Amino acid sequence: MKKLISTIFLSLVVSLFTTSLKADGHDFTIFNNSGMLQFDGGGSDPEVLAKVTAHVKKLSGVTPKVIVPNMQDTTEQLNLLLAGSNPPDLFQANWDVYKSTLMPLNDLLAKHGDALLRSIPETSWKYMTDSDGNIMGIPRTAATSPYMTWVRQDILDQAGLEVPKTVEELTAYMAAAQKINPDFKAGTRAWSGNKWEEPAMGFAAAFTGAMSGNAAFIDPSDGRVKPVPLAPGIEDYLRFMNDWHNKGYWYPDNWSKFDESEVFRTCNMAMWSGWYSRVTIIVPKVESNCPGMKYVRAPIMGSKGWMATTRASGTQAYVINKKAKNPEAIMQYLNWMWNDQSVEGYATGVNGIEGDHWSYESKGMPAIVNTKDKAETKYVGDFGLPNFPYEGNMQPNDSLWATHFNYLGSGLTKLDDSHQPIDLYMAWDKGRIADETPTLGDVHRMIAENFTAFYTGERSIDEYDDFLAELDDAGMQDWINAMTAQMQESWAN
Amino acid sequence: MKKIWKYRFYYYLALPGLIYFAIFHYVPMGGALIAFKDISPFDGLRGFFDAPWVGFKHFERFTSSVYFLDVIENTLIISGLKILFGFPAPIILALLLNEVLRMSLKRIMQTISYLPHFISWVVTAGMITALLATSGGLLTETINDFTGSNINFLGNKDYFVGILVTSHVWKTIGWSSIIYLAAMSSIDPSLYESARIDGANRLQMAWHITLPSIMFVIVIMFLLEIGNLLEAGFEQILLLYSPSVYKVADIIDTFVYREGLLALKYSFAAAVGLFKAVIAFVLLYTANRLANRLGQTGLW
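From first to last, the protein sequence lines are chains A and B. The first sequence lines up with residues 3 to 495 when you count with the working numbering. The second sequence lines up with residues 36 to 335 when you count with the working numbering.
In case anyone wonders, no lab produced these hints; they're calculated from the structure. A hint or two may mislead.
[Stated by the list, open to error] Looking from chain A toward chain B, a few residues come up when the C-beta cut is under 10 Å (computed):
1. Glu264
2. Val265
3. Asn323
4. Thr454
All figures in this text were calculated on a predicted structure; none of them were measured in a lab. For every residue, glycine included, the Cβ atom is placed at its ideal position computed from N, Cα and C.
Produce the complete structure using the sequences and hints provided.
Encoded structure:
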């Protein structure tokens with residue numbers, strides 16, 4: 003009897019195991035945290051997805067399975083997945099942070115990556131290579147100038163002004179805008195936790211000079227890498243921000259919860275200084291409600307140079323888990339996705355099946371494609387892996403997206419009206435910096451909290467030296483040591 | 036043993052629950068060990084065994100943070116205010132609902148009060164932002180129309196904690212009142228009849244009969260609240276706070292989220308979690324002893 007029960011139990015387990023394997027016959031898994039599914043967290047219709055999966059298999063020769071992000075914070079979800087028993091094989095991450103869990107790609111690229119090696123700019127590969135020469139990921143982006151200032155042509159016309167070129171002219175523009183309509187205000191992104199690259203490499207740079215990806219600069223007096231609170235000119239920047247706050251130019255929500263999409267919808271955003279796609283993606287969707295509203299790029303020159311800073315392509319990459327069982331299939335897939343001869347793979351990943359979900363308006367590189375609404379096709383782009391500047395090769399024949407795609411190939415890569423940072427061709431190991439600066443989180447919080455207080459006047463800028471002393475107490479010197487050591491090592495190499 | 040065998044069917048009924056608690060609540064306690072190690076989250080189970088022991092390093096890191104006292108204070112203040120206003124609110128609501136004689140009206144009121152419980156914090160935070168945004172916020176614009184002042188409620192330390200407590204009470208008042216209504220339904224009606232004959236009015240009946248009869252539930256619920264004193268509402272705060280209000284809003288959980296989970300320092304996050312659990316146990320134990328000494332029903 004015991005034997006019989008044991009046999010039945012074992013058979014059940016084995017059959018369940020084999021059934022699950024058969025039902026789930028994929029070559030590898032993708033955690034698509036690329037941002038492609040940011041607004042489509044529910045994923046595609048399962049039946050449509052099954053058809054697209056079969057189509058991808060037919061064209062690429064491999065079968066990926068996509069894990070759709072369903073947590074608000076995809077980084078947290080990625081960390082949980084990686085710590086679990088079935089970690090994803092392919093995902094997007096800063097390779098320097100996740101290095102211990104990744105597979106070097108040199109051999110795989112040599113064997114299966116000919117097309118994508120040609121597609122991606124050579125400079126971007128530099129950021130993927132560690133000090134031992136291992137290529138740790140496929141670049142997600144290239145050097146760009148995303149932190150631009152935008153003003154409105156319709157307001158300029160009404161005020162009889164030209165596009166502002168200096169900080170003073172920008173201030174005059176805001177004054178004129180508020181004379182026309184007191185509700186016209188300026189939007190930007192505030193310092194927040196460790197997400198402070200944007201204000202540092204945007205508005206602040208006009209007063210402090212170029213900042214790196216760690217919002218740091220090289221102090222010529224001692225050659226050490228220091229964070230932006232120590233930059234010459236930083237107090238001028240804070241006074242300027244406070245002056246605009248007192249004059250009522252900034253949206254007060256800039257410093258708390260700022261819903262950019264909703265604010266653009268009010269038609270009152272007279273100036274935007276920050277991530278470019280707020281203008282290139284959101285504005286075309288809302289401008290029909292705002293007759294005459296038209297944003298123009300306004301490169302501004304401050305006392306220390308351009309207001310914008312070039313953003314290095316950095317270490318953001320598509321990476322392969324070292325536990326992946328079928329890395330060759332993954333590389334085969336990526337080589338198909340970003341092929342230098344055809345956008346077939348990319349267009350399929352983003353839009354679905356050619357003929358059913360999209361069609362060519364014109365072939366070539368770039369190609370123009372006709373797409374259908376995702377609500378209609380019920381495929382939301384699960385297999386799509388955006389890659390800049392490659393994605394500029396597929397231009398949708400859609401007026402809502404035309405502005406964005408045109409900008410990808412023009413303004414975003416225009417680097418001659420932005421600062422060139424010290425680390426343009428250097429990949430920081432941020433994980434190591436965090437390890438060597440145990441209180442980095444405290445320092446980040448202190449800067450974000452106090453800069454906001456300086457903007458709003460809650461804390462007087464006369465107390466700036468006290469603030470620096472507080473930063474020292476919080477461990478800022480460890481941070482300086484960690485960044486300086488890496489920069490010196492990079493130069494030595 | 037004989038007793039166990041005699042009542043074996045009751046034990047069978049309890050078995051799934053016991054297994055659930057063993058697997059999901061007791062076995063994971065072993066994971067607390069990583070608070071004393073330097074673990075990489077990507078090394079899986081191997082890392083759990085192989086990672087080096089670091090003693091109290093992560094606890095020291097937490098207590099040596101310049102914000103340690105701030106986050107403890109904020110956690111206790113926010114949680115304390117939520118208990119101060121949020122704990123009696125459902126009891127009062129239940130007492131009021133208990134006095135409603137028309138069943139249809141009572142049910143409508145109950146349903147309306149339960150609804151916020153089913154709205155996630157993500158949606159609630161969106162609603163709060165839509166109400167309080169300085170540009171286009173319904174409440175802010177209305178106040179602006181009448182007073183001419185454009186208040187940044189979500190970026191102002193003076194208002195932020197009030198917003199947290201108010202939205203917490205709004206969201207929980209109805210659902211939390213269910214248990215008190217259930218306790219009230221078991222009160223012997225003859226007590227009310229006797230009181231009525233003796234000339235007691237409804238307020239006196241509520242005070243002298245209803246409240247004492249549900250006191251055991253109130254005490255147990257209060258003890259459970261005390262055990263959760265260090266849970267000040269992570270999701271709610273994370274979705275609403277910003278650097279402008281860190282000073283009053285950064286609690287232990289948001290601190291750990293930034294320092295531990297986003298920075299991949301899982302050992303640090305585990306250390307703070309263990310710290311919280313120990314404090315919560317001490318608080319619960321003390322409150323339970325106190326309840327027993329005062330002659331009330333405790334948890335044990």
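Hint by hint, here is what the structure shows:
1. With 10 Å as the threshold, the beta carbon of glutamate 264 (chain A) comes within range of chain B, its nearest partner Cβ sitting at about 6 Å, so the hint holds.
2. For valine 265 (chain A), the suggested interface contact is upheld, since its CB lies about 5 Å from the closest CB of chain B, less than 10 Å.
3. For asparagine 323 (chain A), the interface hint holds, since its Cβ comes within 10 Å of a Cβ in chain B; the closest pair sits about 9 Å apart.
4. For threonine 454 (chain A), the interface hint holds, the least distance from its beta-carbon to any beta-carbon of chain B being 5 Å, beneath 10 Å.
Violated hints: none; the structure is consistent with every hint.
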